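Participant: Letter by letter, the chains look like this.
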Amino acid sequence: MASESTHAVLQPNVGTAEHGHHPAQMPTGIMRWVLTTNHKEIGSLYLLFSLLMLFVGGSMALVIRAELFQPGLQYVQPEFFNQMTTMHGLIMVFGAIMPAFVGLANWMIPMQIGAPDMALPRLNNFSFWLLPVAFGILLSTLLMEGGGPNFGWTFYAPLSTTYAPPSTSFFIMSIHLAGISSILGAINIIATILNLRTPGMRLMDMSLFVWTWLITAFLLIAVMPVLAGVVTMMLLDINFGTSFFDAAGGGDPVLFQHLFWFFGHPEVYIMILPAFGIVSLIVPTFARKRLFGYASMVYATASIALLSFVVWAHHMFTVGLPLTAELFFMYSTMLIAVPTGVKVFNWIATLFRGSISFEVPMLFALGFIVMFTIGGLSGVMLAIVPADFQYHDTYFVVAHFHYVLVPGALFAILAGAYYWMPKWTGHYADETLGRWHFWLSVIGVNLTFFPMHFSGLAGMPRRIPDYALQFADFNMISSIGGFLFGFSQLIFVWVLVKAIRGGEKAPAKAWEGAEGLEWTVPCPAPIHTFETPPKFVPEVDSPSRH
Amino acid sequence: MSKSQSSDVGVKRTVRKTLWALMGMVLFTIALVPLYDVFCEVTGLNGKTATSAQVMSAQGRDETRWVRVQLVTRSGTGLPWRLEALDQVIAVHPGEIAQARFRFTNTSDVRSSGRAVPSVSPSQGARHFRKMECFCFQEQWLEGGESIELPLVFQVDPALPADIQTLTLAYTLYPMSEVVAQGGYRE
Numbered sequence: 001m002a003s004e005s006t007h008a009v010l011q012p013n014v015g016t017a018e019h020g021h022h023p024a025q026m027p028t029g030i031m032r033w034v035l036t037t038n039h040k041e042i043g044s045l046y047l048l049f050s051l052l053m054l055f056v057g058g059s060m061a062l063v064i065r066a067e068l069f070q071p072g073l074q075y076v077q078p079e080f081f082n083q084m085t086t087m088h089g090l091i092m093v094f095g096a097i098m099p100a101f102v103g104l105a106n107w108m109i110p111m112q113i114g115a116p117d118m119a120l121p122r123l124n125n126f127s128f129w130l131l132p133v134a135f136g137i138l139l140s141t142l143l144m145e146g147g148g149p150n151f152g153w154t155f156y157a158p159l160s161t162t163y164a165p166p167s168t169s170f171f172i173m174s175i176h177l178a179g180i181s182s183i184l185g186a187i188n189i190i191a192t193i194l195n196l197r198t199p200g201m202r203l204m205d206m207s208l209f210v211w212t213w214l215i216t217a218f219l220l221i222a223v224m225p226v227l228a229g230v231v232t233m234m235l236l237d238i239n240f241g242t243s244f245f246d247a248a249g250g251g252d253p254v255l256f257q258h259l260f261w262f263f264g265h266p267e268v269y270i271m272i273l274p275a276f277g278i279v280s281l282i283v284p285t286f287a288r289k290r291l292f293g294y295a296s297m298v299y300a301t302a303s304i305a306l307l308s309f310v311v312w313a314h315h316m317f318t319v320g321l322p323l324t325a326e327l328f329f330m331y332s333t334m335l336i337a338v339p340t341g342v343k344v345f346n347w348i349a350t351l352f353r354g355s356i357s358f359e360v361p362m363l364f365a366l367g368f369i370v371m372f373t374i375g376g377l378s379g380v381m382l383a384i385v386p387a388d389f390q391y392h393d394t395y396f397v398v399a400h401f402h403y404v405l406v407p408g409a410l411f412a413i414l415a416g417a418y419y420w421m422p423k424w425t426g427h428y429a430d431e432t433l434g435r436w437h438f439w440l441s442v443i444g445v446n447l448t449f450f451p452m453h454f455s456g457l458a459g460m461p462r463r464i465p466d467y468a469l470q471f472a473d474f475n476m477i478s479s480i481g482g483f484l485f486g487f488s489q490l491i492f493v494w495v496l497v498k499a500i501r502g503g504e505k506a507p508a509k510a511w512e513g514a515e516g517l518e519w520t521v522p523c524p525a526p527i528h529t530f531e532t533p534p535k536f537v538p539e540v541d542s543p544s545r546h
Numbered sequence: 547m548s549k550s551q552s553s554d555v556g557v558k559r560t561v562r563k564t565l566w567a568l569m570g571m572v573l574f575t576i577a578l579v580p581l582y583d584v585f586c587e588v589t590g591l592n593g594k595t596a597t598s599a600q601v602m603s604a605q606g607r608d609e610t611r612w613v614r615v616q617l618v619t620r621s622g623t624g625l626p627w628r629l630e631a632l633d634q635v636i637a638v639h640p641g642e643i644a645q646a647r648f649r650f651t652n653t654s655d656v657r658s659s660g661r662a663v664p665s666v667s668p669s670q671g672a673r674h675f676r677k678m679e680c681f682c683f684q685e686q687w688l689e690g691g692e693s694i695e696l697p698l699v700f701q702v703d704p705a706l707p708a709d710i711q712t713l714t715l716a717y718t719l720y721p722m723s724e725v726v727a728q729g730g731y732r733e
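Sequence order for the protein chains is A and B. Numbering of the first sequence is given in my numbering, commencing with residue 1 and proceeding in unit increments. Numbering of the second sequence is given in my numbering, commencing with residue 547 and proceeding in unit increments.
These are calculated hints, taken from the structure and not from any lab test. Bear in mind the structure is a predicted one, so any value in this text is a computation, not a measurement. Do not take every clue at face value.
As the list claims (entries may be wrong) - From the structure, some residues in chain B lie toward chain A, with a derived Cβ separation under 8 angstroms:
1) 556
2) 645
3) 649
4) 720
Claimed, not checked - Listed next, the stretches of chain A that the computed footprint assigns to chain B, with coverage defined by at least 3 CB atoms under 8 angstroms from CB atoms of chain B:
5) 194-204
6) 250-261
Cβ atoms here follow ideal geometry from the backbone N, Cα and C, with glycine treated the same way.
Work out the full structure: start from the sequences and follow the hints.
Facilitator: So this is what it looks like as structure tokens:
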């Protein structure tokens, strides 16, 4: 741990001359939040925005689950159902999971590397405020003539060009804005991590959360331009008569899928690598042991990131790839199970002979390890080409990616929120409510998504508002689980409000086994921290020390 | 003292480097489109055939094997036309010149134009399917109710891999008049 003397410099120190980026007078009220350049406030904005989007996207999921509760059309028309599946996916990916990780990065990266703020505070403010604009535009398409996007979150052309509703140009605009936001956020994070580490902290002394975010930021820089390019080509095809994806004009719809998944596969790792980082902090804290295999964790993360660029066509096994390509993408995909297996092994090895206690953050982290692994195993099943021909576009795929995204990414975010809530609010999260939240979420998530494996293997296609009778029982269970899971998340809001308003006060080091510079500043963290770089002695403070 | 002079310089340098990387990825994305076309042309991976008449291959006929050429048509992209393959299956020796007939019928009473876009599967066979004469090289105009018969003259290259015994040539009809008028056809 950094020495106790660092506490002396933690006086709130608003608007001093050295802070070129602060206005001389701190604005108050709403303008304080609109104009803020403080990493903690922007972090909170990101987190609250993503929480809001979680409920918006979640409500859409509940519309889907209500309609699928029994066969036949009950509540919504197929056109609206398609808009719900599309918007649910887009909002959860770009509006809930990604901004939540950026929010955690904003809050925790400067505090974990001993920096006073992000490297580019004004840019940070801009990246955040692009998001409400982007999602305002996206949600407004639901009210437009012809409805919102209805072609699935993967927006395959020509469904999203030739046959798309007129609102598609607004959808493209919102994707552009969200993409710019991500790129700017990534530049900021890279600049912060590479330049603002406290003296003495080498790269291999950084917390795993910082490491995974550094690698994620590079992935964002690499693939967001591809997403921007592909939606721009759609825009040109729709409005300017080009034929990138239009076979009639000499284009190729399969090109769309190649471009989309060249972005899309690294994108799914963008949504999981920071989760690995969070879990790699929480497991050692509550096992009261240092993380097993720090260096191998870093290398495994980097390997996963590199491999993510050579596996994209496993999403496209059924488009008619030549055998050589199918074999290549099958084996390269399976190869990813190796570094991922290293990670799971390291977490379990960290638990081995640890003095484990089961506070709420640890419960979510353990839930992550178990259920993310289930999602990983179904991923290996999907990687098998001959099997994928059967599973492709069925509920088995839906089960797979929800297992890695909900009890995977989302549980890790919730684990992080419970873990750092004392640092944010000064109070521990209510332990009893947190346990209710966890157990109801676990039951809900498994009731929702586990039966989807079976309905998928039995042949139920995804993205349909009505289905054959033999899938009725599985769907009813999924719907009950979906509502249970959805409403359980309200407990989290309750916990959060309670912690902000009061509760058990937390000391600077809120958890007995916690390590890292963020635990050397008081709870709640004052608005400005580490104005003077804290002392960091690798032999004592580094998570990789021997 | 929030940020030292040296870290400010470092931040600027890092930002400059990431912007260069970003620019590189933008250029890479733009380059992917022509690269994909070249890649497909070389390998025939997307089943596309040449868009203009090809000379016949003079490697002679390979009498030792037969290739079944299936001709299928699809319409239904909003053009009120019917496209029929009058010869649905033709067995040819590789190297042999063959002809297939297609009938285009405009079922509406309005003059309109369309284009039949071919696609060969398995796609590995695409570059070995040579067309000497094809209606697919240009768009067709049909008066309301008009019906015409058009030929396809083709040759299967003797270099066709031996494991391919059947080639399927699928024509899809796309409307052209609306494409020109609206810059993209929609309903």
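Participant: Okay, the segment 194-204 of chain A and chain B, do three or more residues pass the C-beta test at under 8 angstroms?
Facilitator: holds (count 3)
Participant: Should the interface hint for residue 556(B) be scored as holding, given a Cβ-Cβ cut-off of 8 angstroms against chain A?
Facilitator: Constraint on residue 556(B) satisfied, holds at 4 angstroms.
Participant: How does the coverage statement for the segment 250-261 of chain A fare against chain B, requiring three or more residues with Cβ below 8 angstroms from a Cβ of that chain?
Facilitator: holds (count 6)
Participant: So, as I understand it, the hint says residue 720(B) touches chain A; can you test that by seeing if any CB pair is closer than 8 angstroms?
Facilitator: It holds, given that the least Cβ distance between residue 720(B) and chain A is near 3 angstroms, below 8 angstroms.
Participant: Against chain A, with CB atoms and a cut of 8 angstroms, does the hint on residue 649(B) hold up?
Facilitator: Hint violated; residue 649(B) Cβ to chain A Cβ min 20 angstroms, cut 8 angstroms.
Participant: Given residue 645(B) as an interface hint, is its Cβ closer than 8 angstroms to any Cβ of chain A?
Facilitator: With a minimum Cβ separation of about 25 angstroms from chain A (threshold 8 angstroms), the hint on residue 645(B) is violated.
The structure fails hints 2 and 3 (numbered hints given earlier, in ascending order).
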